[in-house]
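Visitor: Listed here are the chains, written in short residue letters.
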Amino acid sequence: MALLEIINLHAQVEDKPILKGLSLTVNPGEVHAIMGPNGAGKSTLSNLITGRPGYEQTEGTVRFKGQDLSAMAPEERARAGIFLCFQYPVEIPGVGFTTFLRTALNARRKARGESEIDAAAFLTRLKAATKALGIPDAMLKRPLNVGFSGGEKKRAEVLQMAMLEPDLMILDEMDSGLDIDALRIAAEGVNALRSPTRSVLCITHYQRLLDYIEPDFVHVLADGRIVRSGGKELARELEEKGYADFVSQAA
Amino acid sequence: MTATPVAAATPFLDPETRAEGGGWLGAVRQAGLDGYRRQGFPTPRHEAWKYTNLSAVGRLAVETPPAVPALTAADLPGDRLLPLDVPRLVFVNGRFSAPLSDLDRLPAGVRAGSLRAVLLTDPGHLRPVLERPQAQEAVATLPLAALNTGFLSDGLVLEIDAGVSVEGPLHIIHLSVPGESATLAHPRGLIRLGAGARATLAVSYSGLPGAPSVINAVTDVVLGEDAHLSHVRLLAEAPEGVHIGAVLATVGARARYDAFTLTLGGRLVRNEIRVLLDGEGAQAHVNGAYAARKGQHIDNTVFVDHAVPNAKSSQLFKGVLDETGRGVFQGKILVRRDAQGTDGQQLHQALLLTPGAEVDIKPELQIYADDVACSHGATAGEMDAEALFYLQSRGIDEETARALLVEAFLEDALTTVADEAVRDALTERVRDWQRGRAQATWNV
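Chains as they are written, first to last, in the working numbering: chain H, 18 to 268; chain P, 107 to 550.
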């Protein structure tokens with residue numbers, strides 16, 4: 018069964034149609050890159066899958082593990098195994114990073130009928146994950162994302178993924194605001210999480226992220242539709258030629 | 107045609123009532139009654155009461171609170187701020203309760219007990235507190251503090267000798283046990299720290315449900331040179347309770363007064379804090395947090411008087427308004443002509459959870475000196491939708507996410523409470539408040 022199945026998806030934001038008949042199937046273990054010019058609907062797609070308020074699905078279906086997502090609250094989608102790695106992680110003063118992480122993990126465990134993780138086991142897992150990502154302990158004591166650098170924010174997102182173990186990792190413009198070193202560290206973190214059952218939807222404007230997170234499939238999104246699909250070589254082609262052809266083709 | 111002056115209404119006071127007792131104390135009380143009669147019961151026409159309407163309170167037919175039933179320590183509320191092994195003074199309906207209190211553990215150099223007892227044995231040494239200019243000014247300008255003074259008879263006396271630094275907090279519990287009909291109590295607190303003394307007080311006001319209990323409290327705080335008091339108070343009256351409180355703090359040279367008030371309960375609360383920075387280098391940090399829901403009205407009114415040079419003050423209040431909860435913040439900083447080198451800051455922030463919630467904010471700076479650094483700021487906003495979605499996108503349900511964000515909003519006010527145990531207890535009370543979110547605690 019496909020992990021994520023999108024059929025003829027139409028969606029709008031504030032009555033403005035953004036997605037206009039998008040179809041996409043992601044099977045377990047696959048890495049799909051969605052590339053496209055600004056305004057093509059890339060972020061709308063990730064927001065729609067994760068259930069951000071303000072994004073309205075007007076037509077089509079989105080299924081995750083066979084379940085229709087449209088009636089599910091954002092937290093239900095997350096507990097089902099969807100994780101959005103935010104382009105701009107939100108700073109939340111007053112909420113400690115560690116407290117937040119334990120609350121999120123327990124919410125997920127509870128939804129699966131598991132007991133709350135005990136404090137020692139949680140800390141052991143957290144320590145291992147932070148070490149792998151080169152995250153300093155001091156960062157864990159800070160309020161969520163507050164005062165984190167761009168690179169630290171992305172690493173913190175990857176740390177959350179490592180702890181929450183989603184089945185679908187959606188990376189929204191993961192490379193924005195990152196220098197090459199920070200990008201490499203974050204991408205290595207993602208790669209370490211890849212598995213035959215875990216899929217990646219990598220949304221990006223630039224090809225450079227795909228040097229680090231190698232896709233199985235590349236799709237070009239233009240004017241709310243996927244206008245071309247191919248292998249990883251398509252990303253190279255786009256890097257050389259740009260999106261101009263696709264923009265005119267879609268229009 | 108000349109308007110006939112209408113005598114100010116003075117509920118809760120018979121026209122014939124004269125002050126009890128003679129001598130200086132009788133005179134202080136009589137000045138209180140006179141002050142109340144002259145000013146009258148507060149109405150929205152009083153500038154200071156524009157946003158808090160007491161008319162429903164003034165119409166209550168009140169009685170003196172009933173005699174305190176025989177209680178034991180087991181009857182103390184379970185949600186105390188501090189454990190039982192901390193020295194405590196307990197007041198029920200404004201009267202000191204010896205059986206509920208534990209004074210054996212009071213450290214040396216600390217004298218605490220009931221005002222009633224001190225008035226019987228050695229009232230004279232309270233005279234400088236009750237006759238100090240700040241107390242007289244309060245009688246002249248705060249009608250209900252004047253009324254409290256008129257009936258001054260019981261409450262707390264706490265005195266800490268010069269140079270004594272009290273380890274750990276002292277616990278003061280005020281309980282209201284309702285009568286068959288509405289009751290009115292006038293507890294008076296007198297807190298005096300000698301030069302260089304240090305202490306933390308954790309004070310709670312709470313009440314059992316029932317007929318409305320009206321608490322009209324006044325607390326005098328006098329800090330000697332270099333003294334430091336952390337005065338933490340929880341106002342969590344019963345749903346029908348009314349709490350009108352005034353704290354009058356006189357802060358000596360280089361002394362420091364840290365006030366924190368968390369207000370969670372009561373139908374109507376007016377928490378008025380007046381600080382007189384009375385000696386060079388004095389400082390006051392008057393902070394607080396509050397949360398109100400359906401039918402609740404919570405008013406924090408702060409007045410900091412910079413009367414001397416090089417004094418420092420700050421005010422930070424954060425409020426959460428849910429359902430039809432209403433908040434009021436009036437914060438005034440007065441910098442007198444001589445108060446050069448003043449540093450005075452003020453910030454009030456409100457989080458409105460529903461369209462029916464309301465907050466009125468009145469910041470006021472009055473500056474007569476020229477070398478000062480003063481600021482004030484106020485914000486009122488809704489819950490951050492981005493933050494809410496971020497938390498939900500990690501699997502946290504909406505209720506929990508909202509609760510986390512409410513707690514986070516109040517966090518920077520609560521962190522100003524230095525004592526960790528007290529701070530944790532206050533945070534726990536905020537969580538209790540959140541758990542009751544869906545309940546209507548009060549029907550308007």
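Treat the hints with care, since some could be wrong.
Partner residues aside, some chain P positions facing chain H, computed with beta carbon under 7 Å [stated by the list, open to error]: (1) W155; (2) N159; (3) E488; (4) A493; (5) Y496; (6) Q498; (7) R500; (8) G501; (9) I502; (10) D503; (11) E505; (12) L510; (13) A514.
Hints were generated in silico from the structure; no laboratory data involved.
All residues carry an ideal CB built from backbone N, CA and C; glycine is no exception.
Visitor: Check each numbered hint against the structure and report the violated ones by number, ascending.
Guide: The structure conflicts with hints 1, 2, 3 and 11, although it agrees with all the remaining ones.
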